[in-house]
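Novice: Residue numbers (this note's numbering), protein chains in the order written: chain S, -11 to 601; chain Y, 14 to 345.
Careful, some of the hints might be misleading.
[Said to hold, decoys possible] Once the Cα atoms are required to be at most 25 Å apart in a straight line, the calculated SDA-like pairs of lysine to any residue come out as:
1. S:Lys24 <-> Y:Glu343
2. S:Lys177 <-> Y:Thr324
3. Y:Lys21 <-> S:Gly441
4. Y:Lys255 <-> Y:Gly244
None of these hints come from the bench; they were simulated from the model.
If you want the building blocks of each chain, they are given just below.
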Amino acid sequence: MSSELTRQDDVTIRFAGDSGDGMQLTGTQFTETTAKVGNDLATFPDYPSEIRAPAGTRAGVSGYQIHFSSRDIYTPGDAPSVLVAMNPAALITNYKDLQPGGIILVNTGAFTEKDLQKAELDVNPLTDGTLSGFRVIEEDINQRTIEALEGTSLGKKDVLRCKNFYTLGMMYWLFSRPIEPTLEWLNVKFAKKPELADANIRALKAGYNYAELLRLFQGRYEVPKVEDVAPGFYRNVMGNQALAIGLAAGAEMANLKVFLGSYPITPATDILQYMSLMKNYDVITCQMEDEIAGVCTAIGASFAGRLGMTTTSGPGLALKTEAIGLAVITELPLVIVDVQRAGPSTGLPTKVEQADLLQSMFGRNSEAPLPVLSCATPADAFDCAVEACRIATQYMTPVILLSDNYIANGAEPWKLPDMDKLEHFPVEFVTDPEGFSPYNRDAKLARGWAKPGTPGLAHRIGGLEKDSKTGNVSHDPDNHQVMVDLRLAKVNGVADTISIPPLNGPDSGDLLVVAWGSSYGAARAAVERMQKEGVTATHMHMRHLRPFPHGLADIFRKFKRIVVPELNMGQLAYVLQAEYPEFRFEKYNKVKGKPFQARELKAHFEKLLEEKS
Amino acid sequence: MSDVQQLKGKDFKSNQEVRWCPGCGDYSIISSVQSILAELGRDKDNVVMVSGIGCSSRFPYYMGTYGFHGIHGRANAIATGVKVANPDLDTWVITGDGDGLSIGGNHMIHSLRRNVNLKIILFNNEIYGLTKGQYSPTTPQGQKTKTSPFGSVDAPFNPLQLALGAGATFAARTLDVRPKHMKAVLKAAAEHNGAAFVEVWQNCVIFNDGAFKHWSEKKVRDDQTVDLVAGQPMIFGAEKEKGLRSEGCQIQVVSADEASIWDPTVESPGPGFLMSQLDKDPSMPRPFGVFRQVEAPTLDDLVHDQISEVTDKLGEGSLKDLIYTPDSWEVK
Ligand code: SF4
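So that you can see chain S by itself, here it is in the shape it has in the complex (with noise of 0.2 Å):
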């Protein structure tokens, strides 16, 4: 039986259901397989903080969000053209975000009294008119879950949880997926559980040939892979993924091993599992009793001639502040990441927020400067990586790298870089005991890394000020206001080492748009939303945010109007306005625990514009 097939360029689905029904699970299978079909992609995993908050709640709803395009996008996706609700609780809380007309596959069989009762629903929302509008398919995946598995030897409840591959297939029917690679990937995941791989099979299988045979969608889509996309190798990355990778190919491209001091926080806790999977690449993990401990370990770990690393979120970075400080003093290179996460104190743990900036430019005692740097998706984070590692070997220095929820758990397409033309950056060690001194100085001003175990250097770093020369300790007032000098000197000099940051635009006109980290893409869609319509913006992306690369003030002078959204309360703003006085820097905040949608920063953007005319 053929149905219909109709081309689409641009599809956004959300996939919902209760914690407990594998959505999570459902949406990195369509993303997987969606990226091998060649399309473009962004996905918003959004999910609660609780493992498993109690069943069929609204508290309870995990949510994954993918958009894909036979063109280039960058986010993943504003308003939803599908949404699979596997229960009330589901539809009731997402429904909302839907474009008119929009899809609803709805699982019946979560929807008895019960259901309906958890999810606080007085009426059943299927039958009140609430969902006039859309176009809803009711199906009873329960049912035809249970069904589709006939006389397996699995029990009930383990039947009915194959229930997401059920609705996995209908899926990929809809959009013309194929269905192989997911087959490949439950024959390995399942391999020890034969009876478990052949259930979900057996279950993603009948989804897609019911929705084939009963035309439940009337119609079907199409969506091209992207024709021309650059030649080269891709794969299909998550941010964490993507910055754990990273952080190994940065310690390689310094020709040293990684030691990763690290504590378990949400959302930073992957990095940690990615890389405690390296080991055959002289990875060293440790898990430690504490933030501290992850920190001072790393500090250790640099002195004794690896590169230090400590993986965080916004709490974890709080608590490692004075050993952080410690490394500034020491000069010695540590890759610090926080995945922020929206505060404050434990806040929303798995929503995102950009609030860590001021944090990361001034939260530690005294004058105690350090680069810090952003990624602004999920596949820049390896090359942000790469770069913290960069300036940390190179300038001797801690960096910060801010990554965010919302880069974390999103995925998307990642071309790989040409190994050859990788830039490496190999470290070189002290070893002449001749005229040494710990705090001799290279043209970038970076003190020399001596190790301990080399023959005639025998030194000590720490805490107390130290003697420019010398290296001893020192309490002079004016060595003191010298190495406060040089220690901030040697900052502000990376900026020598990196480049003005490219614009997406015309290089003069009415409204310059400065962003940084996760709300580039919101950003960059929305000015070439724009632009396309024939209104001049220019979009600009911040990955160097202390010290800022050279040349910001030529930039800013060709702009009427500068906004700089920011999903804080304008802490980029604030100190591009303390930076720069002589502009003016508007802000644009939202602190909701979500991402910033293309459409609303057009929306703020066109205001400013007919505000100015």
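Place chain Y with the ligand on chain S using the hints.
Specialist: Chain Y with the ligand in isolation, oriented as in the chain S frame:
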């Protein structure tokens, strides 16, 4: 080492002027460490001294070895990083009762639990010296200090019990006024393969002078202390006429010929714990020496063994393997 000349204690000194108060117990500790390192033929370019904050923590600056003066309480964590990063380094932790048991208590117990191959010397003077005389986690209850003008109400830690409870594979106690004893204990610690915890009773002449005089002064020492020597009977007294006998969980004072033989190498931390419990009984002598000494794999070895094992199994990874995984695809 063969082409290296045998070093003397003074070769382990740095060129920095030592700034402890005259008469401070720290002097005898540093000279003991310097002389045992020389006696053991250790290479000063291979020794790393890591400390936290406090009077004792200035120690690395006075040593001619590699040194790292950390932040308050974190010496054990920093040293763990040094040792795991490069297990060949002879790594020492210098800490005090405030640094190692109060602010750094967490790192102390975890480095002992993990059996990191560190030599940890805890200078116990039962007071905060560098901040000028506040009570510490080992100050006896009732003692008047700057922050306990009416007597401390805090119950103190027994450092040995903390170490044994955390699984220390080596735990010992010695005191500053007995350099010979101290050297023997430090040597045993230096040669132990694993975390070695050594509590040194150290007199702070300025803020807590005489804290240990009931056990350290020559005229009372023989009667008030007992040396635990592996394989030897536990005897004490001016004439070596008394002994300790352990029966079950009880320790009794008996005549020397009835004394039990001390064995710190039994797997159970029980005997060491029992001996440390004597501190609570004023009628009993205070034990010194090695309370526990057992073999166990060290964290630093385990980490590197695991890396070798996985590398043997999977082959050494290259940068390219890391990036170009089998799930990547090519666009032509
Ligand atoms: S204050 Fe006490 S512990 Fe500190 S150096 Fe002086 S005597 Fe020694």
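Novice: Now look at each hint and say whether the structure bears it out.
Specialist: Results of checking the hints against the structure:
1. S:Lys24 <-> Y:Glu343: Roughly 10 Å separates the two Cα atoms, so the pair holds.
2. S:Lys177 <-> Y:Thr324: Holds. Lys177 of chain S to Thr324 of chain Y sits at ~23 Å (cutoff 25 Å).
3. Y:Lys21 <-> S:Gly441: 19 Å, holds
4. Y:Lys255 <-> Y:Gly244: With Cα atoms ~17 Å apart, Lys255 of chain Y and Gly244 of chain Y stay inside 25 Å; holds.
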